[in-house]
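In terms of the numbering used here, the sequence shown opens at residue 1 and continues consecutively.
Think of the hints as simulated: they come from the structure by calculation, not from any bench. Predicted, not measured: the structure shown is a model, and the values here were computed from it. Beta carbons are placed, not taken as given, at the ideal position from N, Cα and C, and that holds for glycine. Wrong hints could be hidden among the right ones.
[As the list claims (entries may be wrong)] No farther apart than 25 angstroms at their CA atoms in a straight line, the calculated lysine-lysine pairs in the BS3-like style are these:
id : residue 1 : residue 2
1  : K37       : K240
2  : K188      : K238
3  : K21       : K171
4  : K240      : K260
5  : K240      : K180
6  : K6        : K110
7  : K21       : K98
8  : K188      : K110
9  : K240      : K6
10 : K21       : K188
11 : K37       : K62
12 : K128      : K62
13 : K78       : K238
14 : K60       : K197
15 : K60       : K98
16 : K98       : K37
17 : K6        : K98
18 : K110      : K62
19 : K62       : K98
20 : K78       : K60
21 : K37       : K188
22 : K78       : K98
[To be verified] Computed Cβ-Cβ distance ranges for the label pairs, DEER-style:
id : residue 1 : residue 2 : range
23 : P167      : K62       : 24 to 30 angstroms
24 : E79       : N32       : 24 to 30 angstroms
25 : N38       : K110      : 40 to 46 angstroms
26 : H35       : T257      : 14 to 20 angstroms
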Amino acid sequence: MTSSIKFIATDMDGTLLNDDKQLPDNFYEVFNELHAKNIIFSAASGRQYQSLVNTFEPVKDKMLFIAENGTLVMYQGKELYSSTIPTPEIHTIISSVKEIENTFIVLCGKNSAYTETTDTQALEEINKYYHNLEIVSDLLAVDDEFIKIAVLNFNGTEQQIYPIIAPLYSKTHQVVVSAKIWLDIMHKTASKGTAIKELQRIFNFTFEESMSFGDFLNDVEMLKETYFSYAMDNAHPKIKQLARFHAPSNNEQGVMTVIKTQVLN
């Protein structure tokens, strides 16, 4: 396998990062070895682009960023690909989500993320993933190019939000449970997998030369677009069923373990 891999994509939360949201101890050592071999490394996350850049500041110009669950792909500060949602559709979706109790909305634009909430617990959670965040009085008045609506519900989005939103919008948009308490609504064709297909075309690598790591339902398309697809030991049961291979858990530095043994050995 060593010589065949040209591209590696990894989810962040629950995958590359441990439960304390920390990078593996040997991340930069392994990254530099990959870079020396001209293997492209990408963070593929539901997180905002700016959040990813801040996390990988020392190597931000050497890696790819598949941000906002594949709706925005950036390299060396330049946009390679994006998937936007027309403003009238955004307004319709926001109005629907606002009717659900105990639910918080993050409107994700190319320039910033926006929320109306001033709830302390919600803002603490939102700030983990959205480092450029504006609190606004009315989401419907925001002017930006929109790539995603993120929905936060502390009681669990798979149970509380998906059954309400999916029947309304899954035929026209991508509706995906991205974490236990998060759900994302995007353009119908948007996903981490769609972004990777575009990168395969731009950088001239193949399905068989691609590796990915994931743990949750927003990783499904990414795993399908890479032959060497890995589910973390802590992954959602559906992800373990889908992936061809399994990696140790995020708290055992599973991504780094696989890369060191299967790519850099």
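Results of checking the hints against the structure:
no. : hint                           : verdict
1   : K37 x K240                     : violated (29 angstroms)
2   : K188 x K238                    : holds (21 angstroms)
3   : K21 x K171                     : violated (34 angstroms)
4   : K240 x K260                    : holds (21 angstroms)
5   : K240 x K180                    : holds (16 angstroms)
6   : K6 x K110                      : violated (28 angstroms)
7   : K21 x K98                      : violated (29 angstroms)
8   : K188 x K110                    : holds (18 angstroms)
9   : K240 x K6                      : holds (24 angstroms)
10  : K21 x K188                     : violated (30 angstroms)
11  : K37 x K62                      : holds (12 angstroms)
12  : K128 x K62                     : holds (23 angstroms)
13  : K78 x K238                     : violated (34 angstroms)
14  : K60 x K197                     : holds (22 angstroms)
15  : K60 x K98                      : violated (36 angstroms)
16  : K98 x K37                      : violated (49 angstroms)
17  : K6 x K98                       : violated (43 angstroms)
18  : K110 x K62                     : holds (21 angstroms)
19  : K62 x K98                      : violated (40 angstroms)
20  : K78 x K60                      : holds (12 angstroms)
21  : K37 x K188                     : violated (36 angstroms)
22  : K78 x K98                      : violated (34 angstroms)
23  : P167 x K62: 24 to 30 angstroms : violated (43 angstroms)
24  : E79 x N32: 24 to 30 angstroms  : holds (26 angstroms)
25  : N38 x K110: 40 to 46 angstroms : violated (29 angstroms)
26  : H35 x T257: 14 to 20 angstroms : holds (19 angstroms)
The earlier numbered hints that this structure contradicts are 1, 3, 6, 7, 10, 13, 15, 16, 17, 19, 21, 22, 23, 25.
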